[in-house]
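Participant: Okay, here's what each chain looks like letter by letter:
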Amino acid sequence: MTVKTLAVFRKEVIDTLRDGRSIFAIFVFPFLLYPAMLLFISWMHMKEAEEAKALEVRVGVVGGATLPFLADSLAAISGVTPVPLDAPPASMENAGVNAVLVVPAGILESIARGDSARVQLLYKEADNKSSAAAGRVEPILDQVREALTVSWAQSHGAHTDAPPRLVVEMKDISLKSETGRYVAALLIPFLLMIMVAAGAMQTAIDATAGEKERSTLETLLATSASRTEILLGKCAAVLAAAITGAVTGVTGLWFTFAVVAKAFPTMSSPFELTIGPDKLIWLFLTLVPTAVFLTAVLVAIGCFARSMREGQTYATYVYMVATFLGLGSLGQQTPPLSRFFIPLLNTALLQREILTNSVQMLHAVAAVGVTTAAAAFMLTIAVRLFSNESVLFRT
Amino acid sequence: MIEVQKLLKTFHDRKRGEVAAVQDVSFVCQPGKVFGLLGRNGAGKTTTLRMLATILVPTSGTAKVAGHDIIQEPAAVRRAIGYLSGETKLYDRLTGRELLEYFGALASMGSSAIAARIEELRGPFGLSDFLDKRVGKMSTGMKQRLSISRVVFHDPQVLIFDEPTAGLDVIGARAVLSLIQDLKKKGRTVIYSTHIMTEAERICDEIAIIERGRILAQGTVGSLLQRANQNSLEDVFVEVVGSVDSDR
Numbered sequence: 001m002t003v004k005t006l007a008v009f010r011k012e013v014i015d016t017l018r019d020g021r022s023i024f025a026i027f028v029f030p031f032l033l034y035p036a037m038l039l040f041i042s043w044m045h046m047k048e049a050e051e052a053k054a055l056e057v058r059v060g061v062v063g064g065a066t067l068p069f070l071a072d073s074l075a076a077i078s079g080v081t082p083v084p085l086d087a088p089p090a091s092m093e094n095a096g097v098n099a100v101l102v103v104p105a106g107i108l109e110s111i112a113r114g115d116s117a118r119v120q121l122l123y124k125e126a127d128n129k130s131s132a133a134a135g136r137v138e139p140i141l142d143q144v145r146e147a148l149t150v151s152w153a154q155s156h157g158a159h160t161d162a163p164p165r166l167v168v169e170m171k172d173i174s175l176k177s178e179t180g181r182y183v184a185a186l187l188i189p190f191l192l193m194i195m196v197a198a199g200a201m202q203t204a205i206d207a208t209a210g211e212k213e214r215s216t217l218e219t220l221l222a223t224s225a226s227r228t229e230i231l232l233g234k235c236a237a238v239l240a241a242a243i244t245g246a247v248t249g250v251t252g253l254w255f256t257f258a259v260v261a262k263a264f265p266t267m268s269s270p271f272e273l274t275i276g277p278d279k280l281i282w283l284f285l286t287l288v289p290t291a292v293f294l295t296a297v298l299v300a301i302g303c304f305a306r307s308m309r310e311g312q313t314y315a316t317y318v319y320m321v322a323t324f325l326g327l328g329s330l331g332q333q334t335p336p337l338s339r340f341f342i343p344l345l346n347t348a349l350l351q352r353e354i355l356t357n358s359v360q361m362l363h364a365v366a367a368v369g370v371t372t373a374a375a376a377f378m379l380t381i382a383v384r385l386f387s388n389e390s391v392l393f394r395t
Numbered sequence: 001m002i003e004v005q006k007l008l009k010t011f012h013d014r015k016r017g018e019v020a021a022v023q024d025v026s027f028v029c030q031p032g033k034v035f036g037l038l039g040r041n042g043a044g045k046t047t048t049l050r051m052l053a054t055i056l057v058p059t060s061g062t063a064k065v066a067g068h069d070i071i072q073e074p075a076a077v078r079r080a081i082g083y084l085s086g087e088t089k090l091y092d093r094l095t096g097r098e099l100l101e102y103f104g105a106l107a108s109m110g111s112s113a114i115a116a117r118i119e120e121l122r123g124p125f126g127l128s129d130f131l132d133k134r135v136g137k138m139s140t141g142m143k144q145r146l147s148i149s150r151v152v153f154h155d156p157q158v159l160i161f162d163e164p165t166a167g168l169d170v171i172g173a174r175a176v177l178s179l180i181q182d183l184k185k186k187g188r189t190v191i192y193s194t195h196i197m198t199e200a201e202r203i204c205d206e207i208a209i210i211e212r213g214r215i216l217a218q219g220t221v222g223s224l225l226q227r228a229n230q231n232s233l234e235d236v237f238v239e240v241v242g243s244v245d246s247d248r
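Heads up: the sequence lines are chains A and B, in that order. Each residue of the first sequence is one higher than the one before, starting from 1 at the first, in the numbering used here. Each residue of the second sequence is one higher than the one before, starting from 1 at the first, in the numbering used here.
Calculated from the structure, these hints are not laboratory results. Among the hints, erroneous ones may be present.
Claimed, not checked - Dumping the calculated EDC-like pairs for lysine to aspartate or glutamate here, alpha-carbon to alpha-carbon at most 20 angstroms: (1) 137(B) <-> 120(B); (2) 143(B) <-> 92(B); (3) 6(B) <-> 73(B); (4) 89(B) <-> 213(A); (5) 143(B) <-> 213(A); (6) 184(B) <-> 205(B).
As the list claims (entries may be wrong) - Computed spacing ranges between beta-carbons, pair by pair: (7) 48(A) <-> 94(B): 45 to 55 angstroms; (8) 113(B) <-> 10(A): 52 to 62 angstroms; (9) 133(B) <-> 244(A): 23 to 33 angstroms; (10) 94(B) <-> 175(A): 26 to 36 angstroms; (11) 390(A) <-> 94(B): 25 to 35 angstroms; (12) 281(A) <-> 93(B): 31 to 41 angstroms; (13) 15(B) <-> 48(A): 32 to 42 angstroms; (14) 31(B) <-> 317(A): 52 to 62 angstroms; (15) 10(A) <-> 129(B): 43 to 53 angstroms.
Using N, Cα and C, we set each Cβ at its ideal position, and we do this for glycine too.
Only chain A is shown next, with the shape it has when bound in the complex (with noise of 0.2 angstroms):
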């Protein structure tokens, strides 16, 4: 490093240093951010946890007889019902249960014989409720492979070198497409909420904090056209900037597994990801309203900024909350009402039940209005930034 060099190094650090704002988004801010986002993180999964446990489920047991413990061992897990069921049903849903443990009928007998033996925990990883039920249900199955164990040695007295093997299992039973659907409803709406702020951020800070820093501004604020003309002008290109980030995302998206997995069947996915033009409908306008209130806070964030890394240093951690939020939709439970009062969390939440097609109209109402009334009061903050004096001159 020459000493040239170094001067100018020592330049920028001053230069950075005498910048308040910088100092505050570099030194203060992530103390404050990053804390937040943890204690956000950790509450929706402590969250997500207790509402698993309180969650209220029916697993239906074929063959209780034969291991007569069972029905005792499940009714004392809390919040399930044991279902005695006579075989496995075609469809959990149709029978009212979310898992089915199956023993089969004769199973003693077999294995008495030294025939191997199959137990098997029915259930459905692309539901919640399945899930769930699988996971409460799952300590039992230890139990059952002990006391087929005990049931084998007894019929062989106490010595035996070839024990009969046993398989008792968690079996997914869901569909390709029920996968594809879960794992849609888990990815889209983060990915979205990603794409989207991606899209907004750069045109928003280009527009405002970037037209002052490039001293075109002046000349703009000196035509007829008003002040808030021209803010709802910049905002409509920065709102088309992350709805086609969004769309872009999207398209890109269905034409990895729509078309390249197709075509490359070696990459054979283990499910289906097949999203209806209605739902894309839904999503889209879903969208729409966390996009105009993203866009608005993007171009406040534009208009107070003094210049354009100031404003991109603010609109980064913008992103990250966005992302963060969107997280929201990788979580497993029914959420309840009052998380569809956070704007873009209740996006992410509402739009993984448009996927699952679990939408409660309660929901998406809480979520669309809660946005849309946050995206009309950030577009008046930003009217206002925009039309104070200090736009031009704050630097």
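Go by the hints and put chain B onto chain A.
Facilitator: Showing chain B alone in chain A's frame:
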């Protein structure tokens, strides 16, 4: 016509509190005349012109531009003016044509009127060479011709020039001054700020010397010279501004 009445503009400064950038400024600028605001950097010229262009709102006082009050009818004022500042720049990513179309649309011109106006200005401003070139790829001279085209594009009655020759070479500055003289001949009202005495002497019909936000002297070039008993505007300026400096 521009009629300015007791304009006051204060800004809040954390250390100094309320600071007056412009105070008690009044003058009249007639159509077909060029009114010059002469002052040092930071004297209050730009703040005055920004208030006339409705970019800033006066703290008190008002002005009428082309018959419209700057506080009551800012949109009508902006429709009537063309504003050019030496500090402002053009959009590098647009072509010359796109830029003129943009500002034409902002001036509420229809697409056919915009196309016709571009054709009208093409010859006099020599736009043909670069009309479809991106601004970022243009030479300084091209940008300057495009800037001037933009200012007169919607044929405003009043033109506000804030140090328009700043950063220009001799040829570029001369082109701007020539444009101003043409506008004056066409009966437009022109207000022009500068700190270059020779420019002011050359094109202004009336001059106001402004210092620390106040107009210290006002009149035609001849009357100012006579009053101060000096031979050049520069000497008048130094004497007027110097008297304030010595009062501090």
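Participant: Each of the hints needs a verdict: does it hold here or not?
Facilitator: Results for each hint:
Between residue 137(B) and residue 120(B) the alpha-carbon distance is near 24 angstroms, which puts this suggested pair outside the 20 angstroms criterion. As the CA atoms of residue 143(B) and residue 92(B) are separated by approximately 10 angstroms, the hinted pair is consistent with the 20 angstroms bound. Using a Cα cut-off of 20 angstroms, the hinted pair residue 6(B) and residue 73(B) holds, with the two alpha carbons roughly 18 angstroms apart. Of the pairs offered as hints, the one joining residue 89(B) and residue 213(A) holds, with about 10 angstroms between alpha carbons and a cut-off of 20 angstroms not exceeded.
Taking the CA atoms of residue 143(B) and residue 213(A), the gap is near 18 angstroms; set against the 20 angstroms cutoff, the hint holds. Distance hint between residue 184(B) and residue 205(B) is fulfilled; the C-alpha atoms sit about 10 angstroms from each other, no more than 20 angstroms. Separation of residue 48(A) from residue 94(B) is about 51 angstroms and conforms to the stated range, judged on CB atoms against 45 to 55 angstroms. Between residue 113(B) and residue 10(A) the Cβ separation comes to about 55 angstroms, which falls inside the hinted range of 52 to 62 angstroms.
At about 27 angstroms, the CB distance of residue 133(B) to residue 244(A) agrees with the hint of 23 to 33 angstroms. Range check, residue 94(B) to residue 175(A): about 54 angstroms between beta-carbon atoms, so the 26 to 36 angstroms window is missed. Checked against the given bound of 25 to 35 angstroms, the beta carbons of residue 390(A) and residue 94(B), roughly 27 angstroms apart, stay inside it. The given range of 31 to 41 angstroms is respected by residue 281(A) and residue 93(B), whose C-beta atoms sit roughly 34 angstroms from each other.
Take residue 15(B) and residue 48(A): their Cβ atoms lie about 53 angstroms apart, and the range 32 to 42 angstroms is violated. For the pair residue 31(B) and residue 317(A), the supplied restraint of 52 to 62 angstroms holds, since their beta-carbon distance comes to about 53 angstroms. Taken as a hint, the range 43 to 53 angstroms holds for the pair residue 10(A) and residue 129(B), whose Cβ atoms sit roughly 45 angstroms apart.
Comparing the model with each numbered hint stated earlier shows that hints 1, 10 and 13 do not hold.
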